[in-house]
Every structure is written in structure tokens, then in C-alpha cells.
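This is what each chain is made of:
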Amino acid sequence: MEGRYRMETQRLSVYYGKHHGVRGVSLPVHDRKITALIGPSGCGKTTFLRALNRMHDLNPIVRVEGRVLLDGEDVYAPEVDPVVVRRRVGMVFQRPTPFPTMSIFENVVAGLRLVGVRDRKRLMEAAERALRMAALWDEVKDRLHQPAVGLSGGQQQRLSIARALAVEPEVLLMDEPTSALDPISTQAIEDLLATLKDEVTIVIVTHNMQQAARVSDYTAFFLDGELVEFDRTEKIFTNPKDPRTEAYITGRFG
Amino acid sequence: MNLRRRYLRDRVMQGLVYLGTLAVLLPLFFILYYVFVQGIGALDLAFFTRPPAPPGEGGGGMLPAIVGSLVVDLIALALAAVFGVAAGVLLAEYPDHPLNPFLHLVSDVMAGLPAILMGLVAFVLVVKPMGHFSGLSGAVALALIMVPIITRATEGVLKLIPWEITEAGLALGLPRWRVILSLVLPAARGGILTGLMLALARGAGEAAPLLFTAFGNPFLTLNPLEPMDTLPLKLYVYAISPYEDWHRQAWGAALLLAAAIMVANYLARRATRS
Ligand SMILES: Nc1ncnc2c1ncn2[C@@H]1O[C@H](COP(=O)(O)OP(=O)(O)OP(=O)(O)O)[C@@H](O)[C@H]1O
Ligand SMILES: [Mg+2]
Numbered sequence: 001m002e003g004r005y006r007m008e009t010q011r012l013s014v015y016y017g018k019h020h021g022v023r024g025v026s027l028p029v030h031d032r033k034i035t036a037l038i039g040p041s042g043c044g045k046t047t048f049l050r051a052l053n054r055m056h057d058l059n060p061i062v063r064v065e066g067r068v069l070l071d072g073e074d075v076y077a078p079e080v081d082p083v084v085v086r087r088r089v090g091m092v093f094q095r096p097t098p099f100p101t102m103s104i105f106e107n108v109v110a111g112l113r114l115v116g117v118r119d120r121k122r123l124m125e126a127a128e129r130a131l132r133m134a135a136l137w138d139e140v141k142d143r144l145h146q147p148a149v150g151l152s153g154g155q156q157q158r159l160s161i162a163r164a165l166a167v168e169p170e171v172l173l174m175d176e177p178t179s180a181l182d183p184i185s186t187q188a189i190e191d192l193l194a195t196l197k198d199e200v201t202i203v204i205v206t207h208n209m210q211q212a213a214r215v216s217d218y219t220a221f222f223l224d225g226e227l228v229e230f231d232r233t234e235k236i237f238t239n240p241k242d243p244r245t246e247a248y249i250t251g252r253f254g
Numbered sequence: 001m002n003l004r005r006r007y008l009r010d011r012v013m014q015g016l017v018y019l020g021t022l023a024v025l026l027p028l029f030f031i032l033y034y035v036f037v038q039g040i041g042a043l044d045l046a047f048f049t050r051p052p053a054p055p056g057e058g059g060g061g062m063l064p065a066i067v068g069s070l071v072v073d074l075i076a077l078a079l080a081a082v083f084g085v086a087a088g089v090l091l092a093e094y095p096d097h098p099l100n101p102f103l104h105l106v107s108d109v110m111a112g113l114p115a116i117l118m119g120l121v122a123f124v125l126v127v128k129p130m131g132h133f134s135g136l137s138g139a140v141a142l143a144l145i146m147v148p149i150i151t152r153a154t155e156g157v158l159k160l161i162p163w164e165i166t167e168a169g170l171a172l173g174l175p176r177w178r179v180i181l182s183l184v185l186p187a188a189r190g191g192i193l194t195g196l197m198l199a200l201a202r203g204a205g206e207a208a209p210l211l212f213t214a215f216g217n218p219f220l221t222l223n224p225l226e227p228m229d230t231l232p233l234k235l236y237v238y239a240i241s242p243y244e245d246w247h248r249q250a251w252g253a254a255l256l257l258a259a260a261i262m263v264a265n266y267l268a269r270r271a272t273r274s
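Keeping their order, the protein sequence lines are chains A and B.
Using my numbering, the first residue of the first sequence is number 1, and each one after it goes up by one.
Using my numbering, the first residue of the second sequence is number 1, and each one after it goes up by one.
Derived by calculation from the structure, the hints in this document are not laboratory data.
These numbers come from a predicted model, not from an experiment.
Where is the CB? At the ideal position from N, CA and C, for every residue including glycine.
Hints are not guaranteed to be accurate.
Said to hold, decoys possible - Chain A side only, calculated, beta carbon under 7 Å to chain B, not exhaustive: (1) Arg87; (2) Met91; (3) Phe99; (4) Pro100; (5) Thr101; (6) Leu114; (7) Gly116; (8) Val117; (9) Val167.
Stated by the list, open to error - Listing some non-contacts, in silico: residues in chain A with all C-beta distances to chain B over 10 Å: (10) Arg23; (11) Gly153; (12) Pro169; (13) Glu246.
With the rest of the complex left out, here is chain B (with noise of 0.2 Å):
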């Protein structure tokens, strides 16, 4: 009786469990399919290798946008990568240094800013000193939104490293910043990947950071000094505009950021299980 009571119990949490996890996958999968079935059309050759038309003209397509976004995004991520991996370090291997309180609360202040922001902090930083919009304010603005994840997850990982190879390399005479440098670190590599691309795909999707920092340009160029296109900004203006054929376009825009954002993502859980 009590045995069937508690079997019955087993059934419906299971149930319940199985309903639950229904609910967050579906929209996901409506969202990617939707994202799917209104780009795939956008995607064709001229999306990857044409500049955009004028408006209303039809035709054209991405390629400022997505050169742009590969070129800011890189140069965030590296700026990211010092200042976040350092401040991982620090955090991580010398837990009595008197920073690290001050570094732990900006890093969760950091981390719990909106987005539009760190794009203004950029603007105030690069833009105003330059006197223009440039790519590089935007790489700041998302630079800005990734350190605290990179910050996160090298701590993170960091700590799981065994204190015994710290100790292995200290006993060979080595300072303790090359055992941090060419021992440590690198056996953590595959965490602190995984950080570099969840922050990444993180910073990639952002577009309001970039309104008044990259601030767009119609115009192909690699110049990060110069204002510059990126795809999740175009996606803003284009979704905006009053126009059928940038609909389309930015629908593709869409379905372009999410593929790269999930590879983005794979490529963070491969480097985790190496």
C-alpha cells in the first residue's frame, strides 16, 4: 500500500520532471527553427560578398557586417582575454592579495551591468577622447561585458588545479609566476577556452553596446578606427527599417548569429572534455 503510494509519488515527479524540461527545450526549438525557416532564403551569395544596397533598391548584402563583427569581436575577446585570464590569476592564486575583495565585487558589479551600459562606459573612454565612432569603441564596450565571465571561469578552473603541481614546480626552483605561467595555467587551458567562447558568443550577439560606439558603416573596411558594421547591429536597423527586403536580411542576420554563437558554444564544450 505505502510501497504503491510512494511508486505512484516516483510517477508524477517524473512526470513532472520530464514536463518541465519540455517547456524550456520547446521554445528553444521554435525560436531556432522560426530563425531557420525565415534566414535560409537571405543566405545566398551576394548576403557574403556584397556591400549593402540603399535602402529600398533590394539586393546587396552582409559583407561590412560580418567582416565587421569578426574584426571587433576578435579584438574584444583579446582585450578581454588579458585583463579577464590576469584577474582570474590573481583572484585564483594569491587568495590573501589585498585586491582581490575590490576585484571580486567589480567583477559581480561587472557582470550584472546591462549591456547598453558598457557601451556607454566605451563611449565615454574611446569615443569622446577620439572625437569619432570607431570599431575599436565597440570591442571595448563588449570587451567590457566579457571580462567578468573570462574573470569567472579561470578562477574557476584554476582552482581545480592541483595544488601539488604548484608545489612540484616550486621544489624545481622556479619563481612562482613561471610554475603560474608554463605549469598551471596551461593545465587549465581547456577551462579557460571554455571561458574565452562563452564569452564570445556572449559578446558577439550584442547589439546595444555598439549603437554609440561602432555605430555602423555602409562601407567594407578593416580599419577599427573607422566606425564599422556588425551583424547584430545591422539586424537592429535593418528589423526597424520599413523595408521587406532588409526584413529578409535581417532575418538571415539572425540566423548567421545564432549558427556562429552555437558553434561558438560546441567548440566551448569540445575544449572542455580535452
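Bound conformation, chain A alone (with noise of 0.2 Å):
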């Protein structure tokens, strides 16, 4: 039965060239709960990711193999027009890019006004609600017009979350958003995770297997550009199947 969930990976394989990033991975994300990817680095985790909204797309020695159902259709037919599919799926990348030309609220409201939203109470009031969402918004709402690029690395990538919240995306994917941010950055991005999981699917990598555990639903292992394990996050951090798994959180390898 297709459809259960709000996104499924069929046998999913992702070439560069003729490396193999990902291989044949079959793995739900259900709806509005969080998944977290893990595994060492160069496991697959970026590739797999960014195959979800077709990011792909646009690099011409990629080839990608397999279904990912968004709702049960495939993002991949050939109907389908990926501009869509990353409005309804969104990304938030490892670094933070600010648009450079622009100020703290152009950068926020962009993803908007670039599709026509021209109400300025509506831009003003979505840029404020993202911003607060992304734990900007108060160290930012008395510079508004100032550039982007005169924000802090932190606070860049918090914009980056903000803005890609401000379109509103049914399903948000995280590739390692903390990364670059002080623990209590990385902190309010946890809390907003939790808020946002009323509304938002999302999928976050992450290296840090306290993050993993504390803010995620389901937890899926990936090694080599496999999945290894796929399952409720408790149960992978407490009685992991497979024995691979248990090395990497425990920190034996990776």
C-alpha cells in the first residue's frame, strides 16, 4: 500500500558518475514526526538527502535510481515539476547562505516575494513569525534592513532556517543545521524542532548522537551508502539490531 507515509524512499540508488553514494535504500519518513539520519562521514547522508527534493537535478554526472513517493507519487515521474516538489520540501543546508545582496528581511521574505507576494503586512508579519521560529528574531528585529551578510555565522544559519520556513514547507530537511552554531543556538534549534513537528515532517542529519536521540522520532543508520538500520529512535540508541549500529553509538568506529 503506498501512502502511508508522508515520504518513502523505494530502493533508492544515487550514482555520481560511477561511484555509488547511495544504495538502494528503502526508508519511510513519516509524517510529521522527526527522522534523524546518522553515520560516519561519506556514508551517504548528504546524497540521500538531497535526492528527496531532486537537488540533484541540476548536477549532470547524477544519476538517480529508485522512487521517492511524496505523498505516494513519485517525485520523479515525469510530470512532475521539481520546483514544486522543493516548494512543498525544503532544505536547509550545512553552511549557511545568506543572499548577498540583500538585507535580513529580503533574505527571509525571498522564497515569497520571489513567487509574487507583493502585501507588505504579510511579508513583515511572515518574516517576524519565521524569524521567531528560527531564534532570531530578537537580536535581529532592530536591524531588519541591514545585510545579511553582517550577521554572525550562527545567526547566518539561522537565517537560512528562517527562510526556509517562510514558505512553509510541508516536509523541512536539515543537512547537520547545528553544525556551526554555540550550544545555545543549537538549543533553540532543538526547541523549535519540537514546536515545528505539529505542522512540519522533517528529515536532519546529524553527527551528534545526543541530538539524535533527544529531538528525534525514528533514527536511521547508514553506512557505507546503505541503510543499515531503520527504526523508533529509542530503539535504536537502547537495543540496536544490528551490531554495526551498536558500534557507531557507542563510539567503537566512525
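Using the supplied hints, reconstruct the complex from the two chains, each of which is provided in its own coordinate frame.
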């Protein structure tokens, strides 16, 4: 039966030329739950995540095989517009990427404005809402119209999160969103994840085991491009089936 | 001993570098100085406000040529900007587009063609069908000179814009064209502006391609569908004339052109920095 999950991959493979980056991964993404992807560096977490909203499309050397279902429909089906997929499935990257010519305010509402939302009041409300959610509002509310590149790295990352939230995606993909943040901002983002969960389905890549255990409902462990184990988070962290999973979460390799 | 020799060699090389620099700079200073001294006397009020006087009569000015240069150069820049930036975007943002090898070739060939050939092309494309000379045909000729400069500058600067910006825009659900137009091009605007200014500076100094396109016109006109005077053209015509007063005004035109082109170059540099 299809459509049980918000998203689901079926035997998903991603190739960089001949290099097999993700190997036949079948993974469910539960609706309005947080799914954490963990695994050692280079195991294909980012590659997998980017396949979910067709971010590989512009790289001519990448080939994607298998299926990625969003509400039961394959996002790689020929009639599907990748722009629509990315509108519904947003993404926050590992490194912050403020748009350099824009102010803080313009950055946050860029996604709305550039698809034609003009109403100043609506934009302002959306900006405040998104900035509050990303725990950045108090720090920037007095300088919304200053250049975004003037923010610190951590602030820029929260700005990127606010920008992704402002377009109200149904699914949010986050690639190590807190790896550049201090503990306080990290805490704020983790709190945000907890509140967002009621509205948004989240897939988060993290190298931080505690973080995965704290925030996620489900955890997937990747190794060498393969999905080794997927289960409820407490199961993965207390009683993993696969010895490799156990070795990884107890810090014995990777 | 060895160290001393190295030290000596270093000094000699340094001396050569300074000498080379001087050899390049000296003629430039000499040209600018000479143009300034010869031309400054011609730049009176009449030069900027009056139409030319009949040959040998003395007096008169360059008003039609100044206005004509502005009109022709700006039309040329606008035309060249549209095509040059579009080609640059295609080359940089869609590197696998099947048109690109052809575009690269055309752009390289155009950049190497003598300017007077561009005048010939504009003559065939615009003057012939219209049946008469016009400022517009001159603008087309200059635009053909400017396009490859703008294309190269645009392609070069767009390739320096981090790919992450494009990805961030796409991840917001924006279509590719919107990302390029609203996120990538603004980030590259300094470099593109530099390209536009350099192209303007290059085109504004050309006389040859205007000989049989803009042609020249002693009367003031703002209509680019009529023949138009321009400064380089006037400079050429006056310089080869037998009249002392026209020679003087030709130097004035040379000084004005040099100054305008230097200002354009300066603005180009400032645009790059910001
Ligand atoms: N653009 C690319 N071109 C070629 N190979 C790539 C590219 N991006 C990733 N790879 C390869 O694909 C594999 C998976 O990389 P990926 O970035 O998905 O790993 P990751 O799990 O996200 O690692 P990390 O935790 O370090 O971010 C690696 O072997 C990597 O070398
Ligand atoms: Mg990664």
C-alpha cells in the first residue's frame, strides 16, 4: 500500500558517475515526525537527503534510480515539476547561505516575494513569524533592513532556517543545521524542532548522537551508502538489532 | 659569495621591472599630456553649446557631435547589454547548452574582428534596408563591438558566484530563471557593470565603424533615425581638414573623448570594488 507515509524511498540509488553514493535505500518518513539520519562521514547522508527534493537535478554527473514518494506520488515521475517538489520539501544546508545583496528582511521573505507575494504587511508578518521560530527575532528585530552578510555565522544559519520556514514547506530537510552553532543557538534550534513537529515533517542529518537521541522520533543508520538499520529512536539507541549500529552509537568506530 | 650574487641578480631584475613599467607609463603620460595641452584651449563655452561653423570661418562648436555621441553610445550600450548579458548568462549558468560552443566561437571571433568590419555589417543590416544613414545604424555597429566584451565579463563574473546561492534559491522552490534573475545576477552586478563600462569606453572611441553608418550631421538632432554626428567622427573629419581652427577643435574633441573614457574606466573600477 502506498501513501502510508509522508515520504518514502524505494530502492533509492544515487550515482556520482560510476561512484555509487547511495545504494538501494528504502526508508519511510513518517508524517509530522522527526527522522534523524546518522552515520560516519561520507556514508551518503547528504546525498540521500538531496535526492528527496531533487537537488541533484542540476548536476549532470548524478544519476538517481528507484523511487521517492511524496504523499504516494513519485517525485521523479516525468510529469512532476521539480520546482513544485522543492516548494513542498524545503531544505537547510550545512553551511549558511545568505543572499549577499539582500537585507535580513529580504532574505527571510525571498521565497515568498520572488513567487509574487507583494503585500508588505503579510511579508512583515511572515518574516517575524519565521524569525521567531528560528530563534533569531530578538537579535535582529532592530536591524531587519541591514545586510544579511553582516550577521555572525550562527546567526546566518538561523537566518537560513527562517528563510526555509517562511515558505511553509510540508517537509523540511536539514543537513547538520547546528554544526556551526554555539550551544545556546543549538538548544534554540532543537526547541524549534520540537514545536515545528506539529506542522512540519522533518528529516535531519546529524553527527551528534545526543542530538539524534534527544530530538528525533525515528533514526536511520547509514554505512557506505547503505541503510543498515531504521527504527524508532529509542529502539536504535537502547537496543539496536545490527552490531554495526551498536558499534557506531557507542562510539567504537566512525 | 653565492648570496651576494643572488642579491645582485635580484637588484638587476628589480631595475628591469621598473624600467619596463616606466617604458609603458611614459608614452601614456606623454599622450595624455600632449592631448591636454593641445585640446584644453578649444574647450570654451561655444565648444559645448554651438553647432559647427562653416569651414574656415572660425568659431562654432561641437554640440551636435556631443549630443550625437551620447545618443549613439547609449543606444549601443543598451543593445549590447541585452545581448551580451544574455549570452554571458547562457555560457555561465547553462554550461551544457548545445548552443554554447557556437556562442564561444562567435564571441571570440567578434572580439578579434577589426572595428570597421562591424560598420560594414551594420551598413548591410540597417543602412541598406532603411535606405539612408542613421545614428541607429552607428549604434548597431558599436553594439557589435561591445557585445563580446560584455559577454566575457558577464560569463567570468557569474562563474565566481558561489553555486550555493543557486542551490539555496532552488531549495526555496524558485524556478531556475527566477534564481538567476533575482539572486545570481544581483550578486554579480558589480562585475557586470564593470563589463558594461569597459565596453562603453571601447565603443565610444571608435570612428571607423561610424563612417558609413552614423555618417555625420552638422545639425543638432536627437532623432537616431537620422544621420548623427559623433565626437570620434568629428575628430577624424576635422583632423584631416586643411583648416587651422578645425585642427584646434579636433584636439578639443580628443581631450573630451579621452576624459570621458577615463571617467568610464574609473567608474568601472569603482563598480568592481563595491
Ligand atoms: N558532488 C559529488 N561528486 C562526486 N562524489 C560525491 C559528490 N558528493 C559526494 N560524493 C561522494 O559520495 C559519497 C557520499 O557523500 P555524502 O556527502 O553524501 O556523505 P555524508 O554522509 O553527507 O558525509 P558527511 O557526514 O561528511 O557530510 C562520498 O563518498 C563522497 O565522496
Ligand atoms: Mg554531509
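Against the structure, the hints:
no. : hint   : result
1   : Arg87  : holds (3 Å)
2   : Met91  : holds (4 Å)
3   : Phe99  : holds (6 Å)
4   : Pro100 : holds (5 Å)
5   : Thr101 : holds (4 Å)
6   : Leu114 : holds (5 Å)
7   : Gly116 : violated (10 Å)
8   : Val117 : violated (12 Å)
9   : Val167 : holds (6 Å)
10  : Arg23  : holds (24 Å)
11  : Gly153 : holds (14 Å)
12  : Pro169 : violated (8 Å)
13  : Glu246 : holds (35 Å)
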